[in-house]
Amino acid sequence: MKQWNPLFVAVCLSFLLAGSVYAQQDMQLDVEKHVLSNGMTLLMVERHTAPVFYAHITVQVGSANEVGGKIGAAHLLEHMMFKGTRNIGTSDWQEESRLMDIEDRLYRRLYKAEGEAEKLKFIRDVMGEDVDDNSDEIAALKDSIAKVQEAIAQVVVPNELEEVYSTNGAYGFNAMTGYDATSYMVALPKNRLELYMMIESERLKHPVFREFYTERDVVIDERRLKVDTHGGAKLFEQLIATTFVAHPYQIFWEWKSEVGNLTRDEIAGFFVGNYNPERIVLAIVGDIDVAETIEMAEKYFGAVPERELPKRIETVEPEQIGEKRVIVEFDSEPMISIAYHKTDYSNPDDVVFRVIERLLSGGRTSRLYRNLVEGKRIALYADVGQFPGGSAGSLDPNVLVIDAAPKSPATCDDVEKAIYTELDQLKSNPVDQDELQKVKNNMVSEFVWGMYDGFGLASRLADFELTVGDWRYLNYLRDKLLDVTPEDIMRVASKYFTEKNRTVAVLVPVNEES
Amino acid sequence: MRRISALISVLVLVAALSAVVCAQDYKSLKFDELEFKVPDVELLKLSNGIVVHFYEDHSLPLVAIDASFKAGEIFEPAELAGLSEICAVVLRSGGSKSIPANDLDQMLDFVGAQLNTYSTTEQASVQLRVLKKDIDLGMKLMSQVIVEPAFEQEKLDIALENKIEEIRRENDNPNVITRREFYRKLFPNHPYGRSATVANIQAIGRSDVVDFHAGIYRPDNCIMAVSGDLTKTELAELLNKYFTSWKAADGPLPAFPDLPDPAYGIYHVHKDINQTFFRIGHPGISKSNPDRYAVEVMNFILGGGGFLSRMMHKVRVEGGLAYNVGTNFYKMNHSGSFYAYCQTGPGTTAKAIDLMMQETRRMIEEDVTPEEVAVARNTILNTNVFQYATPHQIAAQQAQLELDGLPPDVLTKRIEAIRSVTVADIRRVAEKYLHPDKVIIVSVGNEETFDKPLSTYGHVTMIEVE
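Just so you know, the protein sequences line up as chains E and Y, in that order.
With this note's numbering, the residue at position 292 of the first sequence is 1300, and numbering never jumps.
With this note's numbering, the residue at position 143 of the second sequence is 162, and numbering never jumps.
Check each hint, because a few of them may be wrong.
[Unchecked claim] Covered by chain Y, per the in silico footprint, the following chain E stretches (three or more residues, Cβ under 8 angstroms):
hint, region
1, 1111-1121
2, 1200-1208
3, 1245-1256
4, 1263-1276
5, 1419-1432
6, 1442-1456
It is worth saying that the hints were derived from the structure and are not from the lab.
Just so it is clear, CB atoms sit at the ideal spot from N, CA and C, and this is done for glycine as well.
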């Protein structure tokens, strides 16, 4: 699974509102942090409301770390991590390993022969020479591949990882590949903590990338399912490809031509080069005992080997030098997306953006809803989010995106103009205190509700710990949000919401028959 | 208000994994039994007929309330399909008789409270999520919209326009087309199969909405689930303050329309995309069907158990044909649907259909293995605790049983029944409830690029969409 979640998860603590309509509520998050001997970080929240725990492993590597020609490596690796380990998913790992090497060699020969076949075809069809083709060789290689795959099937125990977890009561066993991070999550009944530790540490120690070639096809199919058949996704893909000139955030989804050529060795190399304990956070929320959890984690996760830590290269996106527009023709109703370059989490303006997002969208009294969906009645929806962006923001400067759909007979043009009117309002008129207070009150409510869901809390803690380096940034953020003033909003809006800094993507309906 | 006895106490013993002699480490782990007792839920009944299932939990300063009604699309007149949804939307957006819509939004948003309404085929609900300190305001506004909504004309107009725009956009999403056309053929001209059209929405007037509300949203048809940071006394006071003056309505709810025969056949929607979306299915079982637990286990093995199901294994893991594939028995109060679904490349469409039909037939023709039954059973039993993982789930589970007219001990019985399902039971229910030779197939995609023509499976009727 790969997910783009533009929705900003608001966080702050309620005592920022002392003196307002809110009574003071001392909602402190009580998080225990422990760094294992190999550098892996463990975050724990004891919650005894149900006899279960929610566990979220986040690794600080994502699609932004992929290199040209190998786009899709992070996502394919995430899929391969479900294929088991040396102990899980096989009855004889050594034999299987030997056979997989043969399988890889045969595939290399097959790809070479297929390349050769194209050349022979060109010589025959275009140059008119009478040359033999190599179809016999290709058929023989395919036959050999089928035979070795049959032999592999004899030792593979299919879906063993899924089966162990499911039969032990796992809930929400899944993973997500983002731009800056990849996450693996599962919840289990509390008496399965040791099972969890054993299995997850094995996955990090010695995963086995079995059934590689069929899974690669599944990843290719996922693109057709989630991108190629949806106008909104096609539009978004073009929006960010146009917005970013240099930064790897420009690629929304891997292309078949690259992911379809990745090899098992390349995936293994990506794993060893990036899954280092120093860049892994495990957050557990639930019915656990902290001391026991630490002891168990040292035993299992402490043995995950320290691997070489490559230097993280930050590609600096050059300043945009003029408005950019892109048109997408697709058999779909019209839509529009507008992106503005902004800062990463570390710039003080980032906090102001969090408030701006909430002034504009999210709720019936937000400005875009009140004035575009209601009011002018020209949009079906108009939403604002950050891309890419988890709860903690992004590692490198990202974009603020406004997505909208015009309501017939209104057009994208009408909606675009109305959006700019709203952005200009932010630049020229100070936000009144009640409206600002409303946004802050909403963030308080979301913070408390955010603790309700075990998965959500675990994921947010891991996200803050990795992105910022310390989950307690949640607290600092709260103080900063308290300080946001109407003047800050005017300053940030004026600085970033400029014509020069924006990229506009418009989906123009094309009926295939016309 | 009187107190009814505490309801259920399900004791779920999660079976310890048997230790198997094997080198693999995880198999040597032994687990203490997880003794899990589903917490008791309090039941309150108001004099006007409202039934409240309450679970007290003070771990966070939050309160969640759902007020649900047996309503939804089943009570819509055919020519006004969509009325139930429009009524739910404008119930929330249209203000109340004493508070104008925009003021009501402002009051809720200012304290970060969520008040949302939903309408599905068989029920409608109003849901409040609020910080404890704002519960009085939240409950007050919730009762205002439920008991005396204003359905302001402008908000109704916006809701109708938005719904029309959504319908115009339905055909942009192949998943939506597949689902919509499948149900239209499964339950022709019946609320179970209906999807609103632009003409239906255009025909809805304010008086239709007002009448629908008056007929359905009434205290004797209202079941609440309440959880969170309240005591029973506090809750009783709030209910008294805001809901007891609501007068019960006279007369019965509308009758459930008779079920039609399905329009079996193969239907295709042409769309120039590089992926085929399809569903294959027929009528299924209702929520109260006595075989439902054996069917649950059977469906898990066939296609409901994710990676542990036969279909996912054949089509995705072995075949690499699709990211998404499976089967589902969707149960409603009076009937249900069974369908197998998949999305795959056009060049592997028939291959996927063949594999899925083959696996469905195999369920009828051969016994499943005891190991498959054990995997399905252990998964269902051991994940059961997650049905009660949040305080609100605990209250909502009981409220839902009441809405569905099922006895409160049904959850306990389900556990016992799942535990005792046998290989023979599965064969029996597969024979009884799977009919691979009498199906509706709905596909969306570019049929010119399929690996085999759809007509291989029989006469194909093309469906035109805009």
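Any of the earlier hints contradicted here, and which numbers? 1, 3, 4 and 5
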